[in-house]
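My request is simple: use the sequences and hints to build the entire structure.
Here is what each chain is made of, one letter per residue.
Protein chains: 2
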Amino acid sequence: MITAIGDAIRAAGARVIDVQADAAHNRMVVTFVAEPDLAVEAAIAGAAVATERIDLRRHLGEHPRMGATDVVPFVPFADLPMSVCVDLARRFGSRLWTELRVPVYYYGEAATRPDRRELERVRRGGFEDLLAHLGDPDRAPDEGPPTVHPSAGATAVGARIPLIAYNVNLKTTDLQVAKDIAKAIRASSGGLPNVKALGFELADRGLVQVSMNLTDYRVTNIWKVFSVIRDEARSRGVDVDASEIVGTIPLAAAVGVIKDAVIEPAFRMDQILEKRVWAGE
Amino acid sequence: MITAIGDAIRAAGARVIDVQADAAHNRMVVTFVAEPDLAVEAAIAGAAVATERIDLRRHLGEHPRMGATDVVPFVPFADLPMSVCVDLARRFGSRLWTELRVPVYYYGEAATRPDRRELERVRRGGFEDLLAHLGDPDRAPDEGPPTVHPSAGATAVGARIPLIAYNVNLKTTDLQVAKDIAKAIRASSGGLPNVKALGFELADRGLVQVSMNLTDYRVTNIWKVFSVIRDEARSRGVDVDASEIVGTIPLAAAVGVIKDAVIEPAFRMDQILEKRVWAGE
Numbered sequence: 019m020i021t022a023i024g025d026a027i028r029a030a031g032a033r034v035i036d037v038q039a040d041a042a043h044n045r046m047v048v049t050f051v052a053e054p055d056l057a058v059e060a061a062i063a064g065a066a067v068a069t070e071r072i073d074l075r076r077h078l079g080e081h082p083r084m085g086a087t088d089v090v091p092f093v094p095f096a097d098l099p100m101s102v103c104v105d106l107a108r109r110f111g112s113r114l115w116t117e118l119r120v121p122v123y124y125y126g127e128a129a130t131r132p133d134r135r136e137l138e139r140v141r142r143g144g145f146e147d148l149l150a151h152l153g154d155p156d157r158a159p160d161e162g163p164p165t166v167h168p169s170a171g172a173t174a175v176g177a178r179i180p181l182i183a184y185n186v187n188l189k190t191t192d193l194q195v196a197k198d199i200a201k202a203i204r205a206s207s208g209g210l211p212n213v214k215a216l217g218f219e220l221a222d223r224g225l226v227q228v229s230m231n232l233t234d235y236r237v238t239n240i241w242k243v244f245s246v247i248r249d250e251a252r253s254r255g256v257d258v259d260a261s262e263i264v265g266t267i268p269l270a271a272a273v274g275v276i277k278d279a280v281i282e283p284a285f286r287m288d289q290i291l292e293k294r295v296w297a298g299e
Numbered sequence: 019m020i021t022a023i024g025d026a027i028r029a030a031g032a033r034v035i036d037v038q039a040d041a042a043h044n045r046m047v048v049t050f051v052a053e054p055d056l057a058v059e060a061a062i063a064g065a066a067v068a069t070e071r072i073d074l075r076r077h078l079g080e081h082p083r084m085g086a087t088d089v090v091p092f093v094p095f096a097d098l099p100m101s102v103c104v105d106l107a108r109r110f111g112s113r114l115w116t117e118l119r120v121p122v123y124y125y126g127e128a129a130t131r132p133d134r135r136e137l138e139r140v141r142r143g144g145f146e147d148l149l150a151h152l153g154d155p156d157r158a159p160d161e162g163p164p165t166v167h168p169s170a171g172a173t174a175v176g177a178r179i180p181l182i183a184y185n186v187n188l189k190t191t192d193l194q195v196a197k198d199i200a201k202a203i204r205a206s207s208g209g210l211p212n213v214k215a216l217g218f219e220l221a222d223r224g225l226v227q228v229s230m231n232l233t234d235y236r237v238t239n240i241w242k243v244f245s246v247i248r249d250e251a252r253s254r255g256v257d258v259d260a261s262e263i264v265g266t267i268p269l270a271a272a273v274g275v276i277k278d279a280v281i282e283p284a285f286r287m288d289q290i291l292e293k294r295v296w297a298g299e
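Protein chains in written order, with my numbering: chain A, 19 to 299; chain B, 19 to 299.
It cannot be assumed that every hint is accurate.
Given that identical chains are not distinguished, each listed pair holds provided it fits within a single copy or across any two copies.
Straight-line alpha carbon distances no greater than 25 Å define the calculated DMTMM-like cross-link-like pairs of lysine to aspartate or glutamate that follow [claimed, not checked]:
| id | residue 1 | residue 2 |
| --- | --- | --- |
| 1 | K277 | D222 |
| 2 | K242 | D257 |
| 3 | K201 | D97 |
| 4 | K277 | D259 |
| 5 | K214 | D154 |
| 6 | K214 | E59 |
| 7 | K242 | D278 |
| 8 | K242 | D259 |
| 9 | K277 | E262 |
| 10 | K277 | D288 |
| 11 | K277 | E219 |
| 12 | K242 | D198 |
| 13 | K189 | E219 |
No lab work stands behind these hints, which were simulated from the structure alone. Owing to the predicted nature of the structure, the values given are computational and were not obtained by experimental measurement.
If you want it as structure tokens, here you go:
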């Protein structure tokens, strides 16, 4: 299955750069890169395999899901405008319904309604909940009639910038310090915009951690978050141990850290030597 | 001339990414990228045109120079080890003498003697001074006999990492503050290693500037320099206005700023999304 989906995407001409599969979640995430038009073809090719092979009526896993192809975000790479990704999401969504008969909910920047911007909200309750509310006009899909594909469910299709997973570890064993700082900085309690934060214990290391998702690094980037946490910790008599940037970040986010950290607002992405050479500028 | 040299380098298969020519200096700098073996061919192709067309006996310009092809540094790109660049420098130097009869002085990481590591020292006095000291055993070239090419002089051939030109502007009109801080941080007066620094006035902006070359960002990078200058300025009651990163910096230097600024020592270059995609990893 995992191989077949990856192969279909590759055969359509895209470059698969990451595949993560997880038995507990019973879920796979394929990350691929392609020119815009090709990205739609490759996503359709992958979705066709998933639609044919995965039956949600017999699918178990810890992660909430509403479709065999559960969620397809189009993420701009390098200098591509977000508007192009919104357009790709809509073209892919339209084809998912007309070609594979899978209803589609648009989310993120491709959302058609404000209450569908957040993926969590679109996907709440998963496949089973969607089945139970087929008549609810509020749950009607953006593509296709108010129904689900019998075995493949429905798909959330979106456009978004890359998320950044970022943690800051603090030199204390007092979990409450991490929880308090997480609360102080998270957007939902009036902290920094586009920041989700939780406090955790790293018991084996004698530290606590503020664990975050930065959902729009253009608004709140790593340096800003680091500085605020460092100051919040200091005011509680606690020092920062270190940061952890989990997985990849876009070059624009790295450039943004430099701009902020050394007060260089004019610094540009094409001042990175490799950007010029690799991107052929 | 400028066109002919660039064309020869391109015809050899290299990609020219920058050409700077300056009438006052009467000098051009061509930056090109190529696979290692090709880089030697392209450099020979460019040097052949310069050797044929430039006659130092009739050449004037403000910049010190000792050869028609004055200096050829091989700079590692992305993950290429410096040892490869040293090898390329030696192969190019050997061919410059055997094929074009231009004597060669190795400098930087390719130097054969400690007193030839610094380009300024190798090139001191330029072509005319070299002519006047042909008999001095201390001035004997590394490739070729103790002489110069009659019209094309001699060439400094080296291997080095990219330099970073970096300035920090201070909110004061007191030039002495910039001069004092420059002195405090420059390597030659016992400050930060691999830092050259001068103090300047930016009279039209009501600021002063500490203007620097960071000759090895692996040892002393932008964040370290910024932090030390900020603290030195603070201790004199002066604030930093902003930084200026001049021209390009390698991705590794940008990654280094992030490591230091947010205390993320494990952050790796391949966590930059574009690096993975562009470099095909």
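Hints, verified against the model:
In the homo-oligomer, the alpha carbons of K277 and D222 lie at most 25 Å apart only across protomers (24 Å), although the nearest pairing inside one protomer, at 35 Å, exceeds that limit. Both within a single protomer and between protomers do K242 and D257 lie at most 25 Å apart by alpha-carbon distance, with minima of 17 Å and 19 Å respectively. Taking the shortest Cα distances, K201 and D97 never come within 25 Å of each other, neither inside one copy (34 Å) nor across copies (41 Å). Taking the shortest alpha-carbon separations for K277 and D259, both the intra-copy value of 23 Å and the inter-copy value of 13 Å come in at or below 25 Å.
Taking the shortest alpha-carbon separations for K214 and D154, neither the intra-copy value of 30 Å nor the inter-copy value of 70 Å comes in at or below 25 Å. In this homomeric assembly, K214 and E59 never come within 25 Å of each other (Cα to Cα): the closest approach is 33 Å inside a single copy and 54 Å across copies. In the homo-oligomer, the alpha carbons of K242 and D278 lie at most 25 Å apart both inside one protomer (8 Å) and across protomers (15 Å), since each shortest distance falls under that limit. In the homo-oligomer, the alpha carbons of K242 and D259 lie at most 25 Å apart both inside one protomer (17 Å) and across protomers (18 Å), since each shortest distance falls under that limit.
Taking identical chains as interchangeable, the C-alpha atoms of K277 and E262 lie at most 25 Å apart whether they share a chain (20 Å) or sit on different chains (10 Å). Taking identical chains as interchangeable, the C-alpha atoms of K277 and D288 lie at most 25 Å apart whether they share a chain (13 Å) or sit on different chains (21 Å). In this assembly of identical chains, K277 and E219 lie within 25 Å of each other by CA distance solely across copies; the values are 23 Å between and 32 Å within a copy. For the identical chains of this complex, K242 and D198 are intra-copy neighbours only, at 18 Å inside a copy versus 31 Å across copies, given an alpha-carbon limit of 25 Å.
Proximity of K189 to E219 under the C-alpha cut-off of 25 Å is restricted to the intra-copy arrangement: shortest distance 11 Å within a copy versus 43 Å between copies.
Consistency note: the structure conflicts with the earlier hints numbered 3, 5, 6.
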